[in-house]
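J.: For reference, the chains in residue letters:
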Amino acid sequence: MSHSHSPAPASNLKMGLPIPNSKLGMWLFLGTEIMFFTAFIGSYIVLRLGSQGWPTDTEVTHIKVFWGGLNTFVLILSSYFVVIAHESMSLKDFDKARKFLTLTFVLGIVFMGIKGYEYYGKFDHDILPGRIPENNRQAGMKAVRELDAILDKTGIAQMRIELASPDVTPERSAELNAAVATLADFETDVKGFRKNVVEDRFDLNTKTGYERMEHSLEELKTKHPDRTSSVHHPQVILYGNIFASCYFLMTGFHAIHVIVGLILFGLVLKQGANLDETWTDWVENSGLYWHFVDLVWIFLFPLLYIV
Amino acid sequence: MSTANPEIGAHDHSHAHAHDPEDRLALLKSIFSFSTDHKVIGIQFLITTLLMLMVGGALALGVRWQLAFPWESMPLVGKLIFARFGGQISPEYYTMLFTMHATVMIFLVIIPILAGAFGNFLIPLMIGADDMAFPTLNMLSYWFMWPAILCFGLSFFGGGGGPAAGWTSYPVLSAVAAAAPGSGWAQNWWLLAVTFVGVSSMMGSVNYMTTIINMRAPGMTLMRMPLTIWAMFITAILQAFALPVLTAAGFMLVADRMIGTCFFIPAGLIINNAEPTIGGGQPLLWQHLFWFYSHPAVYIMLLPAMGMVSDTLACMCRKPIFGYRPMVYSMAAIAGLGFIVWGHHMFTSGMNPMLGMTFMTSTIMIALPSAVKTFNWIGTMWGGKLQFNTITLNCVAFVTMFVVGGLSGIFMAAVPVDIYIHDTYFIVAHFHYVLFGATLFGVFSAIYFWYPKMFGRKMNETAGKWHFFLTFLGANGTFFPMHLLGVAGMPRRYADPYLHPYLEHLKPMNQFMTISAIVMGAAQIILLLNFFISMKKGEKVGRNPWGANGLEWSAPSPPGHGNFDVPPVCYRGPYEYSSPLDEERDYLPQTEYLPPPEKKSPADKDPGASNH
Amino acid sequence: MRLFWVGFFIFWPAVAVIACYIAPGMNWWFPGEAGSPIGRQIDDLFYMILWIVTAVFIAVQAVMGYVLWRASATDNKRAFFSHGNHHLEVIWTIVPAGILLFIALYQMDVWAHYRIQSQYPTEAAKAPIAEVTARQFEWRIRYPQPDTKLEIKPQKHDLYAVNELFVPAGRPVMIYLRTEDVQHSFFIPRLRIKQDAVPGQVIPVWFEATKPGEYELLCAELCGWGHYKMKARVIALPEEEYYAMIEKLEQAQSFDGVPAEADDSNADE
Ligand code: HEA
Ligand code: HEA
Ligand code: CUA
Ligand SMILES: [Cu+2]
Chain Y
3 MSHSHSPAPA
13 SNLKMGLPIP
23 NSKLGMWLFL
33 GTEIMFFTAF
43 IGSYIVLRLG
53 SQGWPTDTEV
63 THIKVFWGGL
73 NTFVLILSSY
83 FVVIAHESMS
93 LKDFDKARKF
103 LTLTFVLGIV
113 FMGIKGYEYY
123 GKFDHDILPG
133 RIPENNRQAG
143 MKAVRELDAI
153 LDKTGIAQMR
163 IELASPDVTP
173 ERSAELNAAV
183 ATLADFETDV
193 KGFRKNVVED
203 RFDLNTKTGY
213 ERMEHSLEEL
223 KTKHPDRTSS
233 VHHPQVILYG
243 NIFASCYFLM
253 TGFHAIHVIV
263 GLILFGLVLK
273 QGANLDETWT
283 DWVENSGLYW
293 HFVDLVWIFL
303 FPLLYIV
Chain R
4 MSTANPEIGA
14 HDHSHAHAHD
24 PEDRLALLKS
34 IFSFSTDHKV
44 IGIQFLITTL
54 LMLMVGGALA
64 LGVRWQLAFP
74 WESMPLVGKL
84 IFARFGGQIS
94 PEYYTMLFTM
104 HATVMIFLVI
114 IPILAGAFGN
124 FLIPLMIGAD
134 DMAFPTLNML
144 SYWFMWPAIL
154 CFGLSFFGGG
164 GGPAAGWTSY
174 PVLSAVAAAA
184 PGSGWAQNWW
194 LLAVTFVGVS
204 SMMGSVNYMT
214 TIINMRAPGM
224 TLMRMPLTIW
234 AMFITAILQA
244 FALPVLTAAG
254 FMLVADRMIG
264 TCFFIPAGLI
274 INNAEPTIGG
284 GQPLLWQHLF
294 WFYSHPAVYI
304 MLLPAMGMVS
314 DTLACMCRKP
324 IFGYRPMVYS
334 MAAIAGLGFI
344 VWGHHMFTSG
354 MNPMLGMTFM
364 TSTIMIALPS
374 AVKTFNWIGT
384 MWGGKLQFNT
394 ITLNCVAFVT
404 MFVVGGLSGI
414 FMAAVPVDIY
424 IHDTYFIVAH
434 FHYVLFGATL
444 FGVFSAIYFW
454 YPKMFGRKMN
464 ETAGKWHFFL
474 TFLGANGTFF
484 PMHLLGVAGM
494 PRRYADPYLH
504 PYLEHLKPMN
514 QFMTISAIVM
524 GAAQIILLLN
534 FFISMKKGEK
544 VGRNPWGANG
554 LEWSAPSPPG
564 HGNFDVPPVC
574 YRGPYEYSSP
584 LDEERDYLPQ
594 TEYLPPPEKK
604 SPADKDPGAS
614 NH
Chain X
23 MRLFWVGFFI
33 FWPAVAVIAC
43 YIAPGMNWWF
53 PGEAGSPIGR
63 QIDDLFYMIL
73 WIVTAVFIAV
83 QAVMGYVLWR
93 ASATDNKRAF
103 FSHGNHHLEV
113 IWTIVPAGIL
123 LFIALYQMDV
133 WAHYRIQSQY
143 PTEAAKAPIA
153 EVTARQFEWR
163 IRYPQPDTKL
173 EIKPQKHDLY
183 AVNELFVPAG
193 RPVMIYLRTE
203 DVQHSFFIPR
213 LRIKQDAVPG
223 QVIPVWFEAT
233 KPGEYELLCA
243 ELCGWGHYKM
253 KARVIALPEE
263 EYYAMIEKLE
273 QAQSFDGVPA
283 EADDSNADE
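Protein chains in written order, with my numbering: chain Y, 3 to 309; chain R, 4 to 615; chain X, 23 to 291.
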């Protein structure tokens, strides 16, 4: 390499783009994120178009359009605050930046809170993938399964076994007999209901059959209110499982992204009064990310809540 | 023939000792550390993947054993591994064997050896940067391999069978555990591992793109980048935009298996006599998502090798690469077209026949950029000045094997023909020719070529030639007959094809193939020994043993921390071999400044030439 | 060494070509002649591609051998300094492009004939002869009762069989392909027919066995541990024999164990 490094005339160019690596990296990363959500949204569209129907009645699906809309607004506002925060960072007005970052952070939490409320509604009504009956028979079977589970938990079967065993003490026996007696009524009702469903005495394939089943279940529930409080109303939602799958998949991954964003902002806020210009790039890049999360929601909201 | 090019070696030696590094194994010594140095990470990847190659190969030998001697107890290891079945491979284990063989080879060997090992080692060196743009991220991308390896490992022990749906993992088989008893947790581990590999590559690719865009040395314009760098760049783009789709699909499949969603499960299937499934999903959706990634992935598994072969071949032929720009454009075209051909894996799946025609046309047209590249490699050899050293041999093998694998692709791209040969051994022949035949030979040539930069020593030539010779014969002996098996209608993924009378007579041929595979396997042991022994015993060399032009050759061997002792400046393209500007030597490094040449130099007339 | 390695790189393509050349004679080739018109068309397309590809293969390998031989000469000449040639690039882009486009367009018709609904043979499409349901690990076949149409929904008088599909020879027939569990693929090598059975879909497939005879039916999509043993037969019978066979099936199925004279009411049960 004897003559290799002789002084070079004017090639001291900076190659590449005039932006810092971190920002370029963030943009590219967001590119991969776009593909990630595109896959979900594309799948959703394919599944929805390919399905013979889709539950759109918000009464049934417990979609809360108003709250979703509010959440859209919350996110857009928070995006705006991030912009102000970043601007203040570049102007070295760190107090202002902190103030607006806090606002962003709070709005992020509000978003998650509303999301949580929406999720709660669905969990409460058991609108969860894999658990939604799509026809009357499945509805009946679901009620049976839930009742059976409660009956199992009371332990009546075990008590009977224990009673039948020869070495049970008289005291224990009395105790058990008392317990069984209090449960026996419930057991008979559940077994009766089960029999009616399994042997299809309700004639579940018809509308009236379903009503009979519903009625009988209501009766059972009013008779044993505290035992059966966790039994869900077996609402039939045709195509409900695929709907719930898509809903939870997309909103769930979006929520995870919101949490990551909150962590990014949280790290800045943790600096407290020590916030200085070394964090400017950080704020800018997290801001970019936050805009992206916002943008995704702007696609998800109409797709999931309105269409 | 122990030195590739004696004059060059000698020339180099006279300068080398001045910078002779103290410790040639400096890079190796830090491989057990969480280093953020791209070279260390590259070598970590290289060694890990070479070991994984052995694991994947050993699994392949299991597959081959069953195909040659079905239900016979495997020698040596059979009693150990398959003790429960008296040493014979049960059909469940056969499924697991080829699934894990493919998975290990693709996700733990080929992709990480190209992008992870060589991408990491070469990108900063070849563009004249001191490290990657995000060294910590880079380190993480290596260490994320380990959870993946661990999960793949665990999936062997998932209880009674391992992942049982092939590397393509088509639902419903993969989505409902009951469909493949015994695959329960194994399949979950498997999917989880694929996700980890995905995260690892995604981190890598963002890093590579940023580095290549933003960290080039002064003067390293885009059109002066070595083709390796172009290939890595385009590969990174493919990774970044195709892989998230697989990751997303992977999450959906895991959810189907574990939390009751039904993206890929239609309603009313009666699996293993259980209750009808509740659902509403579409199994074909997975195939679309999977191939949307995995077709670009096959080019992810090829492009870097193409790039590296372009560099090693030009250097070995002492000739500029033929048609630099067409080479770049055709790689870009392969990548671009690669996104719109995924449906050719699904011709018989019952998708819309119009789509079949579209996918056929785009698939056949993707042969065009490949053709341009093939002809340009031959153009590069033409009029060159080469010697048959290990590097050259592997390069040439790359080209001839790629042509075979590519041409068999044409049969399958033609839909009507694919109706017959789909899911037969013809397909297996095709992809082993491109994956083993092309990519691995490309990788071998790259290993021999850049080894001196990694460890300051050369690998042994004699051993290298034996390795090449046996591998080449073994590979053709194993994979060429697969074409004939395919034409004869032997379906793939069959634990015992001879159950079907019309395939019985193919057993001797399968036995021949198995013997060839064993030869090929033995040859890989030579490679491994050569690789490790040469670290201590190889011939010492200086900075530029091959008389090559790239920036990496101006750094010490091995380069110290921060790579270059003199910050490199790039003055020309990387392929100025045998340039008339330098009468003494047949190479002209990118870092060497020459006073502006007189206008009559032939290089100026040419559009592909040095100074842009 | 030079001679050895150049010879080596010429030798192996030669072996490959010879292996293909002798393959049919060694019975390493198609499993018998294509037994259906579409199969023959597929074979013809296969051979057409084979010829083109063989020509390309031999040309590329021969040129490469020659180039290698020249480039490895041991004289003292320097390598030829060239960055490429514009004309050559154009030529070797346009010519393969033409060939490839030709291959693509030439395939369309057969594919359209096989898969596009409007081109299905009308007679066969009107009266599908059976529904084939794949399941782990067998093929279940449902024929309509003689003289009735096959319905998507199983009917009371449908006839069932396992792993044996009877078809009339010499005319196109259509089946409905379904799967009860995971994905399978309906593959009849000698008729060159393959179609995946996709969960949740009913896919019409048509084919024709020109000559009466037995044809292997196997599964070509990984469907679990027993994938390799979904062994079945398609039995093509001359038209009358086919009907007779279906009649026989019906009698066998409706036979309740009591000889017909003793209980002749079973016919309308
Ligand atoms: C490195 C990996 C790699 C590469 C580069 C390729 C390259 C190509 N592949 Fe391949 N392919 C795989 C890996 C790869 N493939 C794998 C792993 C599978 C199976 C997956 C599974 O199911 O498990 C597969 C499966 C596969 C299928 C699905 C088959 C089936 O399942 O039924 C098809 C169908 O079209 C196909 C086509 C092609 C084509 C047309 C090319 C083209 O890019 C090839 C182009 C190259 C050339 C043509 C050669 C050079 C050109 C010339 C010498 C010029 C002159 C030529 C002519 C004029 C004809 N491939
Ligand atoms: C890069 C990818 C790659 C590579 C390199 C290979 C390499 C090999 N493959 Fe693989 N293969 C695939 C990718 C690859 N394969 C894929 C994607 C599939 C499809 C799977 C599916 O259907 O889902 C497949 C399927 C596949 C099948 C079809 C199985 C079936 O459909 O039933 C066969 C059968 O012969 C096979 C054989 C081989 C052989 C003999 C090698 C040989 O080249 C291997 C040579 C190497 C060795 C033999 C290593 C030797 C090492 C030792 C012997 C030492 C052991 C020591 C230690 C462990 C320390 N492969
Ligand atoms: Cu059924 Cu494979
Ligand atoms: Cu492909």
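Check before you lean on any hint, since a few could be wrong.
As the list claims (entries may be wrong) - Pulled from the structure, derived: some chain X residues nowhere near chain R, Cβ distances all over 12 Å: (1) Pro46; (2) Pro53; (3) Gly54; (4) Asp65; (5) Asp97; (6) Asp131; (7) Pro166; (8) Gln167; (9) Thr170; (10) Thr201; (11) Asp203; (12) Asp218.
To be verified - Per the computed footprint, the stretches of chain Y lying under chain R, defined by three or more beta-carbons under 8 Å from a beta-carbon of chain R, are: (13) 84-98; (14) 148-159.
Just so you know, these hints were derived from the structure itself, not from any lab.
Glycine residues also receive a C-beta, built at the ideal position from the N, C-alpha and C atoms.
J.: If a hint holds in the structure, say so; if it does not, say that too.
T.: Hint-by-hint comparison with the structure:
Distance check for X:Pro46 against chain R: the nearest CB is about 9 Å away, which does not clear 12 Å, and the non-interface claim fails. For X:Pro53, the shortest C-beta to C-beta distance to chain R comes to about 5 Å, within the 12 Å cut-off, and the non-interface label is violated. A cut-off of 12 Å between C-beta atoms contradicts the statement that X:Gly54 is not in contact with chain R; the least separation is 8 Å. The Cβ of X:Asp65 sits about 8 Å from the closest Cβ of chain R, inside the 12 Å cut-off, so the non-interface label is violated.
Against the 12 Å criterion, X:Asp97 falls within the reach of chain R, whose nearest CB is about 9 Å from its own CB. Under the 12 Å C-beta cut-off, the non-interface status given to X:Asp131 relative to chain R is violated; the minimum distance is some 9 Å. Even its closest Cβ contact with chain R, about 22 Å, leaves X:Pro166 beyond 12 Å, as expected for a residue assigned away from the interface. With a least CB separation of 24 Å from chain R, X:Gln167 remains clear of the 12 Å interface cut-off, as annotated.
Every beta carbon of chain R lies more than 12 Å from that of X:Thr170, the smallest distance being close to 24 Å; the non-interface claim holds. With a least beta-carbon separation of about 8 Å from chain R, X:Thr201 fails to lie farther than 12 Å from that chain, contradicting its non-interface assignment. Separation of X:Asp203 from chain R is inadequate, the least Cβ-Cβ distance of about 4 Å not exceeding the 12 Å criterion. The claim that X:Asp218 lies off the interface is violated: its Cβ sits roughly 5 Å from the closest Cβ of chain R, which falls inside the 12 Å cut-off.
Coverage of the segment 84-98 of chain Y by chain R is violated in this model, with 0 residues showing a Cβ closer than 8 Å to a Cβ of that chain against a need of three. For a cut-off of 8 Å, the count of residues in the segment 148-159 of chain Y with a CB near a CB of chain R stands at 0, and the three-residue condition is violated.
The structure shown violates the earlier hints numbered 1, 2, 3, 4, 5, 6, 10, 11, 12, 13, 14.
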